[in-house]
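These protein sequence lines map, in sequence, to chains A and B.
With our numbering, letter number 216 in the first sequence gets 216, and the count goes up by one each step, no holes.
With our numbering, letter number 279 in the second sequence gets 279, and the count goes up by one each step, no holes.
There's no promise every hint is true.
As the list claims (entries may be wrong) - Each pair of labels, with its calculated beta carbon distance range:
| # | chain 1 | residue 1 | chain 2 | residue 2 | range |
| --- | --- | --- | --- | --- | --- |
| 1 | A | Gln259 | B | Glu44 | 49 to 59 Å |
| 2 | B | Thr115 | A | Pro139 | 19 to 29 Å |
| 3 | A | Gln255 | B | Ala399 | 54 to 64 Å |
| 4 | B | Phe396 | A | Arg195 | 53 to 63 Å |
| 5 | B | Asn301 | A | Glu147 | 22 to 32 Å |
| 6 | A | Asp252 | B | Glu44 | 37 to 47 Å |
| 7 | A | Ala142 | B | Ala147 | 35 to 45 Å |
| 8 | B | Thr115 | A | Gln199 | 23 to 33 Å |
| 9 | B | Lys221 | A | Pro139 | 30 to 40 Å |
| 10 | B | Glu302 | A | Glu147 | 51 to 61 Å |
| 11 | A | Ala204 | B | Asp400 | 53 to 63 Å |
Hint data in this document are derived by calculation from the structure and do not stem from the laboratory.
Small disclaimer: the values here were computed from a predicted structure and weren't measured.
A virtual CB, placed ideally from N, CA and C, is assigned to each residue, including glycine.
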Amino acid sequence: MTSRLTNRFAALRTQNRAALIAYVMADDPDPDGSLAILRALPQAGADIIELGFPFTDPMADGPAIQRAGLRSLKSGGSLKRTLALLARFRETDADTPVILMGYANPIETMGYSAFAAQAKAAGADGLIAVDIPPEEDSPLRAALQNENIALIRMATPTTDAARLPKILEGASGFVYYVSVTGVTGAKAIGPDAARLAVQRIKRATDLPVAVGFGVREPDQARAIAEVADAVVVGSAFVDEIAKTIDAGRIQDAPQSVAQKVKSLADAVHGAARTAQQEGARA
Amino acid sequence: MPDDARRNWLNLPDANGRFGEFGGRYIAETLMPLVHDLERAYREAQQSNEFRAQMDAFLRDYVGRPSPLYFAERLTQHHGGAKIYFKREELNHTGAHKINNCLGQILLALRMGKTRIIAETGAGQHGVATATVCARFGLPCTVFMGAVDIERQKPNVFRMKLLGAEVRPVTSGAATLKDAMNEALRDWVTNVENTFYIIGTVAGPHPYPELVRDFQSVIGKEAREQHIEKEGRLPDAIIACVGGGSNAIGLFHPFLQDESVAIYGVEAAGRGVDDRFEHSAAIGGGRPGVLHGNRTYLLQNEDGQILEGHSISAGLDYPGVGPEHAYLHSIGRATYLSATDDEALTAFQQCAQLEGILPALESAHALARVGDLAKQLGPGKSIILNLSGRGDKDIFTVADALGTRI
Chain A
1 MTSRLTNRFA
11 ALRTQNRAAL
21 IAYVMADDPD
31 PDGSLAILRA
41 LPQAGADIIE
51 LGFPFTDPMA
61 DGPAIQRAGL
71 RSLKSGGSLK
81 RTLALLARFR
91 ETDADTPVIL
101 MGYANPIETM
111 GYSAFAAQAK
121 AAGADGLIAV
131 DIPPEEDSPL
141 RAALQNENIA
151 LIRMATPTTD
161 AARLPKILEG
171 ASGFVYYVSV
181 TGVTGAKAIG
191 PDAARLAVQR
201 IKRATDLPVA
211 VGFGVREPDQ
221 ARAIAEVADA
231 VVVGSAFVDE
241 IAKTIDAGRI
251 QDAPQSVAQK
261 VKSLADAVHG
271 AARTAQQEGA
281 RA
Chain B
1 MPDDARRNWL
11 NLPDANGRFG
21 EFGGRYIAET
31 LMPLVHDLER
41 AYREAQQSNE
51 FRAQMDAFLR
61 DYVGRPSPLY
71 FAERLTQHHG
81 GAKIYFKREE
91 LNHTGAHKIN
101 NCLGQILLAL
111 RMGKTRIIAE
121 TGAGQHGVAT
131 ATVCARFGLP
141 CTVFMGAVDI
151 ERQKPNVFRM
161 KLLGAEVRPV
171 TSGAATLKDA
181 MNEALRDWVT
191 NVENTFYIIG
201 TVAGPHPYPE
211 LVRDFQSVIG
221 KEAREQHIEK
231 EGRLPDAIIA
241 CVGGGSNAIG
251 LFHPFLQDES
261 VAIYGVEAAG
271 RGVDDRFEHS
281 AAIGGGRPGV
291 LHGNRTYLLQ
301 NEDGQILEGH
311 SISAGLDYPG
321 VGPEHAYLHS
331 IGRATYLSAT
341 DDEALTAFQQ
351 CAQLEGILPA
361 LESAHALARV
371 GDLAKQLGPG
381 KSIILNLSGR
391 GDKDIFTVAD
401 ALGTRI
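Bound conformation, chain B alone (with noise of 0.2 Å):
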């Protein structure tokens, strides 16, 4: 990789929100002046110690951080390679990571005397992340969701109900999450004067991926230091599953300049990588184009429309991916590989049973490719894994795909 590429890597994005030639502020001019205010007041909560210290108090006594680093010993046995460890983000509060970005975004908000906050969902798990923060901090919270994601996630529509949120059923475009998100803009654009719009990926206009980012950095930095703690040195490779890619980022960032650090995002290829389109690797099986702010890898056909994708997981179901992702990729710091809806369906399985933990299905498609990669570096080495969150949601999902009735 160029070495100027590899001296910018803890500098980006730039003044311009780009990552090499990723990223940007690709928004109708309404919003633009938000997002400058947005970058302003991150600016000022950056240097800000009462901010720091605010969202230091809430991460360790409402989210219960830190999450612990926990080695995978039977699943390391199982593969009989190098050591496995699990960064637990699914015993965070809400059972995933989303709650770290939500927190950091909800107390932004406030800092910027915002009185209301809008999301999008496509699994829920952001959806539930945002109404319990909204709770939390007693700021009317409207989600939008789309009409066929509503339909398949039942049981996170009541949860953020139940948490006092209104769910807004999306039915423009294909009725899934990347409508939900073009429908959260335009609600953004219309309430410009009091909403914050909490994005809940590495997604959107600058400066949402690099503080989303920020915000998700807690896991890496941590499990580096467990790491160090526990080996006496750093990982031989880090790993996590990639949608929008806001829990892989958040592992890798703090790894980036570790340079003997492998890393590497596993995207979700549904039914194979292929012309079908019946997957969601924007980085394997995509181009790049401009969605939703930023410029980045696509899922689209020849002429720039979008393609909807296709994943057995729900929060990787988005024909994009973080622009900073598409950014790593493209030097090469990190190497994206995918995995099927099947392989995925049979590392949650073996994830239960080896180690008694129900992964998330997004996490499940990092477990499928952690076997390779722990073989393949061999015993004496250690990987460490995200497992971004929690399988009960999916329980219903994974029966349907086992052909069994609950």
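Chain A with its partners taken away, still in its complex shape (with noise of 0.2 Å):
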């Protein structure tokens, strides 16, 4: 099957370049300033969009989304609102892959059908749900799949050689790796420990490998850009929204945000790819 995602995985492949994963909270700050930033991320060089959905219990956050999902809450933000966002932001960009991001309790309440069917006319070409381990999403799996949006599993340090395959199995788009034992936003990874962790994972299957939690600064993006398929910046670009609200200026966030991405996004693409990389199993 092909889709924006797999396409835009295959295009940054023959460049021999990393992707950048841009995450946001939807509704963060409010609507409006939420599609500015959106809007702002692809021409920043963001090539692919993580869009969170509020809950009122991220309990695989740390502070920075926490507040961003607090604060869109505020707004009036819901998986609802999320996807009528998503929906206007593709009248403007019908090419950048959007992938959901959020818990199991609002996908819960809408239904799987019902979601799957709704994301897909909104425009998303994937979902994490963070709280729906591979043995707990067979139902949701297959409602995704009728709608051909990639359900991405996620591998973790914890993440033995007997657990991995269960986990590959079933899984689509491409594989997330968290970085860190721990929250969003929280400890940095090492580059080598990136290296071996994502080799481990390519030798296991064909998908693209991207590494998040935990990646902040652009020197630390262009080492795991060496060796991932892409890199997930989340919690950098949502303190840059906090920042903005706290200086009173609010309008500035999406030019905030757009500076920072740009910074990531520079490191991401610049970063010095063996020829080994392109090919998965070779």
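From the two separate chains plus the hints, produce the assembled complex.
Okay, structure coming up:
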């Protein structure tokens, strides 16, 4: 199956470039501001967008994304509104892959089939459901498959050799390597550890491998982009929104986020990659 | 109820941690290997004579078990119906049923070689029980507690500190029990190598609802034997308050196969079960969803956002309920009632004055419904009520509600 997501990774592979996946929370700080931020991301160099939908109890997120979620909820944010925001974004951008990211309960509440259909209609290409592990995801996966939406599986530092096949079986889109044990935006991963982890996953799958959680700075992103197919950055962008709010210049949020995205995109795109990274199982 | 559901009572949860459609393991991938490890360790412990002997010895000599089954004669006379028995869990060390579970989990943690304990707490009862066993077994203990709850429950905060625990204030979200649980999960996902998370109720991902139930089932096993000893037969009904529902499932589980025994849970109706959501009745006023690792009944809005709820009793003030209760409700094996703040307050005073026992405000919710039940069953019948905790911790809240200054 081809999709915006597979096409984007294929194009990047021919250029021997890694992707920057930029995470932002929907409706943070408010619907119009959020739309302006989304539109600024591809221009600033984001190859793929991860669009968070808010949840009151984000148990895998650190303070930055927790606060983003609260801002979103305060401005009336919800899963429905997130899909409406995505549909507005698609009016002017038909190419940038968008992955939805969030927690189970809003999806459960909408119902798996309804969610899959509405996400498709809004223009979503994938879903990361943080608290739905492989043991629990078959009905959701089936609903998403019907709509050609990828269900992104996660591997982590606690994933041992016995568990990895379970994660990869039925994975689609790409594999998201959670590079640290911890919450989003926490401690940083060392480049050597990232290299080993990515190599281990790549030996077991042809899917692209993205590395996220704890990536905030260009140097770090560059080092990871040398080995991984994509680098996910979230808290660093969300922090930019918080900073503009704290400084009383919320209208500058899109520009501030775009600057930060550009610095990270330049680092990711400038990473020195060996040809070995092109072929997965070679 | 369907036959297959009846046959399955004692064999649940299934291999996937399901009680019918409820339960499961809805957690971040990082934690999945840990809950699989925990399940393996628990299965080994279940087969271990040494583990059972250790549990028995500590339950007897440290916790003070068995707790008595007491005939509440004056309360029975007052209501003028079925005999009311109290299962006296409030006489346990630390003043509530919570210690039964903490003891089991810390022995499990030690078997697994874990060197650090974390826990969440709302009212502070589970925090105190966890800090207690950590002191006894010499493990460092961090208790996550909502900043709002820390303000409401100062005596228990100081108690935990005296026991050597670190109490970490949680300011995220609404700064209450559910946020304390989120924060504990965040700590666990960060410190996966050495940390054991002692969950205080029958919630969380599989196998927690099962193992907490098993550790609390000592309540129902004892009560069943004690009642047979005193009355020569099974009780006609059993009743307990339900927040997350650990004291209730502990009483209920050993009676599930006794179909002549009617089972009642009492949720917190707060200021009334309606769409203002000023209550904590997840079954009575919520609907199924996913939170904190399992599928169960939750207080939530139309977008699946979790609502705070309210109860005068901090121990019942949780927007969810254990998945096995959700299941027992769905198959009709247990009936879930509710009692308001005011009804619990009245029952609290009544129990103090008629029986000389200050019940926990949590237990007072069961006391608030036991009179109706006693009258409905009538003389010649009998009821066991789980007096899950003592009310000394609640005197400030009660004084406040009654407009009295201490």
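Now the hints, each set against the structure:
1. A:Gln259 with B:Glu44: 49 to 59 Å: Since Gln259 of chain A and Glu44 of chain B have Cβ atoms about 55 Å apart, the given range 49 to 59 Å holds.
2. B:Thr115 with A:Pro139: 19 to 29 Å: Given a distance of about 39 Å, which is not inside 19 to 29 Å, the answer is violated.
3. A:Gln255 with B:Ala399: 54 to 64 Å: Since Gln255 of chain A and Ala399 of chain B have Cβ atoms about 56 Å apart, the given range 54 to 64 Å holds.
4. B:Phe396 with A:Arg195: 53 to 63 Å: holds, 57 Å
5. B:Asn301 with A:Glu147: 22 to 32 Å: The hinted range 22 to 32 Å holds for Asn301 of chain B and Glu147 of chain A, with Cβ atoms some 26 Å apart.
6. A:Asp252 with B:Glu44: 37 to 47 Å: violated, 58 Å
7. A:Ala142 with B:Ala147: 35 to 45 Å: holds, 42 Å
8. B:Thr115 with A:Gln199: 23 to 33 Å: holds, 32 Å
9. B:Lys221 with A:Pro139: 30 to 40 Å: Distance hint for Lys221 of chain B, Pro139 of chain A holds at roughly 37 Å.
10. B:Glu302 with A:Glu147: 51 to 61 Å: violated, 23 Å
11. A:Ala204 with B:Asp400: 53 to 63 Å: holds, 60 Å
Checked against the numbered hints listed earlier, the structure breaks hints 2, 6 and 10; every other hint is satisfied.
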